[in-house]
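Chains A and B are the protein sequences, given in the same order.
Offset between the first sequence (1-based) and the working numbering: plus 32.
Offset between the second sequence (1-based) and the working numbering: plus 295.
One should not assume that every hint holds.
What the hints assert, rightly or not - Not everything, but these chain B residues come out facing chain A in the computed CB check (under 8 Å):
#, residue
1, 344
2, 345
3, 348
4, 355
5, 358
6, 361
7, 372
8, 384
9, 385
10, 386
11, 387
12, 390
13, 606
The set of hints was computed from the structure by calculation and includes no laboratory data.
A virtual CB, placed ideally from N, CA and C, is assigned to each residue, including glycine.
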Amino acid sequence: MDPVIADRLQFAFTVMFHYLFPIATIGLAPFVAVYTWKAARTGDEETARIARFWTRIFAINFAAGVVTGIPMQFQFGTNWAVFSRRSGPLIAQPLAMESMFAFFLESVFLGILLYRRERAPTMLTAWSAVLVCAGAWASGFFIITANAWMQHPVGYSIAPDGTIRLVNIWAVLFSPFALWQSAHVLTGALLAGGFIVAGIGAYYLLSQREPQIGRRFVRAGCIVGFVCSMLIVFPTGDENGRDVTTYEPVKLAAMEGLFASEKGAPLAIIGMPDTSKNDLIDPIFVPQILSILAYGNPDANVKGLRAYAHGLWPPVELTYYAYHVMVGLGTIFMGVYAIAVLLLFRDRLFSVPLMLWALMLLMPFPYIANEAGWVVSEVGRQPWIIYGIMRTTEGVSPNVASGETLFTLIGFAGMYFLLGVLFLLLVLREIAIGPSGAEQAARPSTPLRMTGDGGA
Amino acid sequence: MSVAAFVVIAFMLTMYVLLDGYDLGVAAIAPLIGRTERERDAVLASIGPFWNGNEVWLVASVAALFALFPEVYASAFSGFYLPFVVALWLLMFRGLALELRRHLPSELWRQFWDAALSFSSALLIVTFGVALGNLLRGLPLNAAGYFQGTFDDLLNPYALLVAVFALVTLGQHGAAFVLMRVEGGPAALATRLLDRSWWVVLILYAGVTALTLVVHGLPARGGWLLVLPVLSLSALTALRVSLKQGRPGAAFTMSSVFLATLLVATAGTIYPYILPAFPPGRGGISIFAAAPSSLAVASALGVTILGSILVLLYSSVVWKRMAGKIRVE
Ligand code: HDD
Ligand code: HEM
Ligand code: HEM
Numbered sequence: 033m034d035p036v037i038a039d040r041l042q043f044a045f046t047v048m049f050h051y052l053f054p055i056a057t058i059g060l061a062p063f064v065a066v067y068t069w070k071a072a073r074t075g076d077e078e079t080a081r082i083a084r085f086w087t088r089i090f091a092i093n094f095a096a097g098v099v100t101g102i103p104m105q106f107q108f109g110t111n112w113a114v115f116s117r118r119s120g121p122l123i124a125q126p127l128a129m130e131s132m133f134a135f136f137l138e139s140v141f142l143g144i145l146l147y148r149r150e151r152a153p154t155m156l157t158a159w160s161a162v163l164v165c166a167g168a169w170a171s172g173f174f175i176i177t178a179n180a181w182m183q184h185p186v187g188y189s190i191a192p193d194g195t196i197r198l199v200n201i202w203a204v205l206f207s208p209f210a211l212w213q214s215a216h217v218l219t220g221a222l223l224a225g226g227f228i229v230a231g232i233g234a235y236y237l238l239s240q241r242e243p244q245i246g247r248r249f250v251r252a253g254c255i256v257g258f259v260c261s262m263l264i265v266f267p268t269g270d271e272n273g274r275d276v277t278t279y280e281p282v283k284l285a286a287m288e289g290l291f292a293s294e295k296g297a298p299l300a301i302i303g304m305p306d307t308s309k310n311d312l313i314d315p316i317f318v319p320q321i322l323s324i325l326a327y328g329n330p331d332a333n334v335k336g337l338r339a340y341a342h343g344l345w346p347p348v349e350l351t352y353y354a355y356h357v358m359v360g361l362g363t364i365f366m367g368v369y370a371i372a373v374l375l376l377f378r379d380r381l382f383s384v385p386l387m388l389w390a391l392m393l394l395m396p397f398p399y400i401a402n403e404a405g406w407v408v409s410e411v412g413r414q415p416w417i418i419y420g421i422m423r424t425t426e427g428v429s430p431n432v433a434s435g436e437t438l439f440t441l442i443g444f445a446g447m448y449f450l451l452g453v454l455f456l457l458l459v460l461r462e463i464a465i466g467p468s469g470a471e472q473a474a475r476p477s478t479p480l481r482m483t484g485d486g487g488a
Numbered sequence: 296m297s298v299a300a301f302v303v304i305a306f307m308l309t310m311y312v313l314l315d316g317y318d319l320g321v322a323a324i325a326p327l328i329g330r331t332e333r334e335r336d337a338v339l340a341s342i343g344p345f346w347n348g349n350e351v352w353l354v355a356s357v358a359a360l361f362a363l364f365p366e367v368y369a370s371a372f373s374g375f376y377l378p379f380v381v382a383l384w385l386l387m388f389r390g391l392a393l394e395l396r397r398h399l400p401s402e403l404w405r406q407f408w409d410a411a412l413s414f415s416s417a418l419l420i421v422t423f424g425v426a427l428g429n430l431l432r433g434l435p436l437n438a439a440g441y442f443q444g445t446f447d448d449l450l451n452p453y454a455l456l457v458a459v460f461a462l463v464t465l466g467q468h469g470a471a472f473v474l475m476r477v478e479g480g481p482a483a484l485a486t487r488l489l490d491r492s493w494w495v496v497l498i499l500y501a502g503v504t505a506l507t508l509v510v511h512g513l514p515a516r517g518g519w520l521l522v523l524p525v526l527s528l529s530a531l532t533a534l535r536v537s538l539k540q541g542r543p544g545a546a547f548t549m550s551s552v553f554l555a556t557l558l559v560a561t562a563g564t565i566y567p568y569i570l571p572a573f574p575p576g577r578g579g580i581s582i583f584a585a586a587p588s589s590l591a592v593a594s595a596l597g598v599t600i601l602g603s604i605l606v607l608l609y610s611s612v613v614w615k616r617m618a619g620k621i622r623v624e
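Please take these sequences and the hints and turn them into a complete structure.
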């Protein structure tokens with residue numbers, strides 16, 4: 033097998049699996065922080081139970097996120113040695129910041145959150161929860177900066193030997209491209225968090241357990257989910273689209289399945305791109321919308337794929353379908369949550385089982401939308417590993433055979449399968465125990481007692 | 296600047312060994328000092344809140360290496376592809392074992408994860424030991440600076456001896472930590488263990504030091520390095536004295552000092568190479584070769600130094616808050 037393909041498969045598989053867990057930790061961290069804070073402030077017993085419940089779910093996700101994240105950090109060096117050599121001085125800056133300013137914060141304070149022996153949250157636990165949340169969000173931001181730079185390189189120069197030199201770190205960190213991409217990604221994760229909270233709440237209501245807490249979950253989850261489902265489209269999705277139009281026009285053409293350049297380009301809602309005929313089959317068009325979305329002008333000329341050399345095309349079908357899955361789901365999310373919020377404010381939501389079913393069943397779909405978005409972004413960037421500077425084929429490690437990569441890919445697949453099963457088992461168990469069940473359920477016995485002053 | 300970068304990397308890796316070293320050591324010896332399930336719970340609870348934060352020193356060191364010495368990062372990580380991936384799997388397994396063992400109230404579940412935990416932690420220490428041994432001995436590198444050897448080359452007798460030394464030393468470090476944090480049965484067993492392991496550490500220390508001089512020769516500019524064995528031996532002696540006086544906190548500190556002197560000695564020995572070639576004297580990747588632009592180095596140094604200070608500040612607050620002994624009832 034071509035080593036490049038093996039490396040790409042391995043990277044795609046491991047990073048897509050890793051990302052499943054940050055979605056939930058980034059999305060749930062604000063809920064953990066708010067509930068813990070409230071419980072510490074008011075001393076309310078129910079809120080304290082809720083806080084502990086989400087902390088436990090968060091902790092399982094966090095553990096899985098950490099163990100799948102560490103291989104990512106090594107993989108740049110193991111699989112993409114030439115890429116790392118050339119771009120390390122630049123791309124590793126945000127990675128170093130992520131470790132120093134985000135991972136430490138998250139890990140150190142999670143220790144307090146999980147292992148404090150008091151039952152009721154104190155202000156110390158409340159602050160820890162806030163810092164853990166800050167760490168999760170900051171790590172999302174820094175890693176996206178690295179990715180954004182690969183999509184749209186800024187603040188660099190190229191040395192005679194080909195190494196990429198850092199010229200302006202602020203330009204890298206705060207390029208509008210990176211800021212909008214971060215905003216979109218973090219909103220996508222928070223959206224998933226809202227959907228999870230609402231979905232589990234709906235499950236508790238439908239199964240007639242914990243009606244009181246179920247209502248609180250549905251209420252909070254619906255509001256967060258609704259606001260995010262708006263923000264994910266406008267302004268963040270819209271701005272992402274404009275950035276792609278400006279800086280990665282080939283990706284835009286592939287996303288939209290636009291083969292011929294057109295003035296007043298239409299938006300294809302449905303259709304199958306066919307690269308053997310270089311055309312979109314059985315499309316349904318909405319006239320002029322693409323020109324408006326991309327340039328804010330109904331008559332703007334949008335370049336199609338045929339305007340570019342074939343060697344510069346990303347895999348068109350995958351990019352196109354992934355994009356349509358993401359946008360399609362985004363539209364559905366907005367619709368369903370708009371109705372849910374409407375019902376909520378009319379006090380009807382809890383008596384419409386159909387709506388609760390919808391909220392519960394919608395839970396996995398933000399994951400699909402988020403992963404599909406990444407496929408758009410990363411597959412659509414091909415054939416470049418760093419847009420316009422370095423091709424993916426040039427980036428791989430010269431001294432690692434594809435056999436080794438395949439062997440380790442199979443190893444990762446095996447481990448991740450087991451990890452996935454364990455993860456589901458533990459999360460489903462926590463959900464089955466529920467916030468109130470925690471007291472009675474046989475929590476692992478803790479025969480331990482702290483002596484001395486264990487702190488405040 | 297290159298020297299500063301080298302010092303920062305060495306510092307971060309030393310922090311990693313001191314901190315994650317104790318939780319690796321504790322996990323590796325847990326079956327020896329925790330005879331019953333409750334005792335093991337207590338032993339592992341002592342590292343529970345800290346291990347993840349400790350491990351971030353590794354993640355951060357890797358990121359800093361990537362930023363400061365991309366050549367070395369690329370060459371070492373792709374060169375040792377399989378060993379690194381295996382180390383990764385062990386790290387993953389260990390993290391899972393530590394976190395998951397608490398989640399189901401089943402005895403079998405815990406027995407499985409406890410065994411997995413000790414096994415993967417011990418094997419990780421050995422893997423790191425082999426890596427350290429080969430770093431000291433030098434690596435077969437080709438002209439482009441990529442590793443050019445086989446897996447077997449790495450498992451040479453010298454590196455294996457260093458690995459054994461690492462295992463015993465970190466086991467001792469872990470036992471000292473347990474003594475500081477746990478009361479009751481495990482503490483008594485840890486005391487007995489320390490009593491015996493001390494002699495083993497001493498003998499292995501002498502052997503490894505002598506062999507290093509043989510394999511590597513006395514470093515050209517390294518006269519000051521001769522101070523380090525004196526420091527190491529004093530720390531080791533002080534460790535024993537503190538134990539006899541029943542001062543576990545001091546013993547743990549001395550164990551840390553001992554480890555730190557060893558790591559400083561390692562850094563001093565390979566300097567100015569960050570990836571020395573084998574046989575010694577053939578050069579290697581020097582810290583002065585192909586340094587990235589000064590702005591990149593300055594930025595990464597700023598991030599790591601400022602970051603380290605912040606981390607140490609808030610970590611020490613957390614350590615204080617979470618201090619206190621765990622008692623097995
Ligand atoms: C809940 C998840 C979710 C939903 C509903 C949407 N997105 Fe998205 N989208 C993501 C989650 C996401 C993501 C996973 O976060 C991506 C992947 C990479 C990135 O930067 O964000 C992404 C990428 C991404 C990109 C590619 C950016 C790039 O290549 O750099 C564009 C143009 C959009 N999105 C636009 C939209 C629009 C117009 C949406 C309107 C319905 C939309 N997204 C819904
Ligand atoms: C978690 C979210 C992410 C997902 C799901 C994701 C997904 C993917 C996928 C599917 C590929 C394969 C593309 C192909 O080969 O056609 C890929 C490649 C790659 N991505 Fe990402 N990516 C993510 C985040 C990142 C980030 C944050 C970075 C950089 C810091 C990054 C760097 C890379 C690199 C170096 C490659 C390999 C080269 C290539 O194939 O383009 N990715 N990613
Ligand atoms: C190729 C890209 C990536 C690399 C190299 C990477 C690296 C890592 C590493 C090393 C860890 C473990 C940190 C620890 O020990 O505490 C981790 C965890 C984490 N990563 Fe990633 N990561 C990548 C992609 C992403 C993306 C795209 C996001 C979010 C947008 C993300 C968010 C997180 C978060 C929040 C954590 C903390 C653990 C958790 O919450 O699950 N990562 N990552």
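Going through the hints against the structure:
Given the 8 Å rule on beta carbons, the hint for residue 344 of chain B holds: about 3 Å separates it from the nearest Cβ of chain A. For the restraint placing residue 345 of chain B at the interface with chain A, the shortest Cβ-Cβ distance is roughly 6 Å, inside the 8 Å limit, so the hint holds. Because the smallest distance between the Cβ of residue 348 of chain B and any Cβ of chain A comes to about 4 Å, under 8 Å, the interface hint for this residue holds. Because the smallest distance between the Cβ of residue 355 of chain B and any Cβ of chain A comes to about 4 Å, under 8 Å, the interface hint for this residue holds.
About 4 Å separates the beta-carbon of residue 358 of chain B from the nearest beta-carbon of chain A, less than 8 Å, and the hint is met. Among the interface hints, the one on residue 361 of chain B holds; its C-beta lies about 4 Å from the nearest C-beta in chain A, closer than the 8 Å criterion. Proximity of residue 372 of chain B to chain A holds as hinted, the smallest CB-CB distance being about 3 Å (cut-off 8 Å). Taking 8 Å as the C-beta cut-off, the interface hint given for residue 384 of chain B holds, the closest approach to chain A being about 7 Å.
Contact between residue 385 of chain B and chain A, as hinted, is not supported at the beta carbon level, the nearest pair being about 11 Å apart and thus beyond 8 Å. For the restraint placing residue 386 of chain B at the interface with chain A, the shortest Cβ-Cβ distance is roughly 6 Å, inside the 8 Å limit, so the hint holds. A cut of 8 Å between beta carbons decides the hint on residue 387 of chain B: the least distance to chain A is about 4 Å, and the hint holds. Hint status for residue 390 of chain B relative to chain A: holds, with the closest Cβ pair at about 5 Å, below 8 Å.
For residue 606 of chain B, the suggested interface contact is upheld, since its CB lies about 5 Å from the closest CB of chain A, less than 8 Å.
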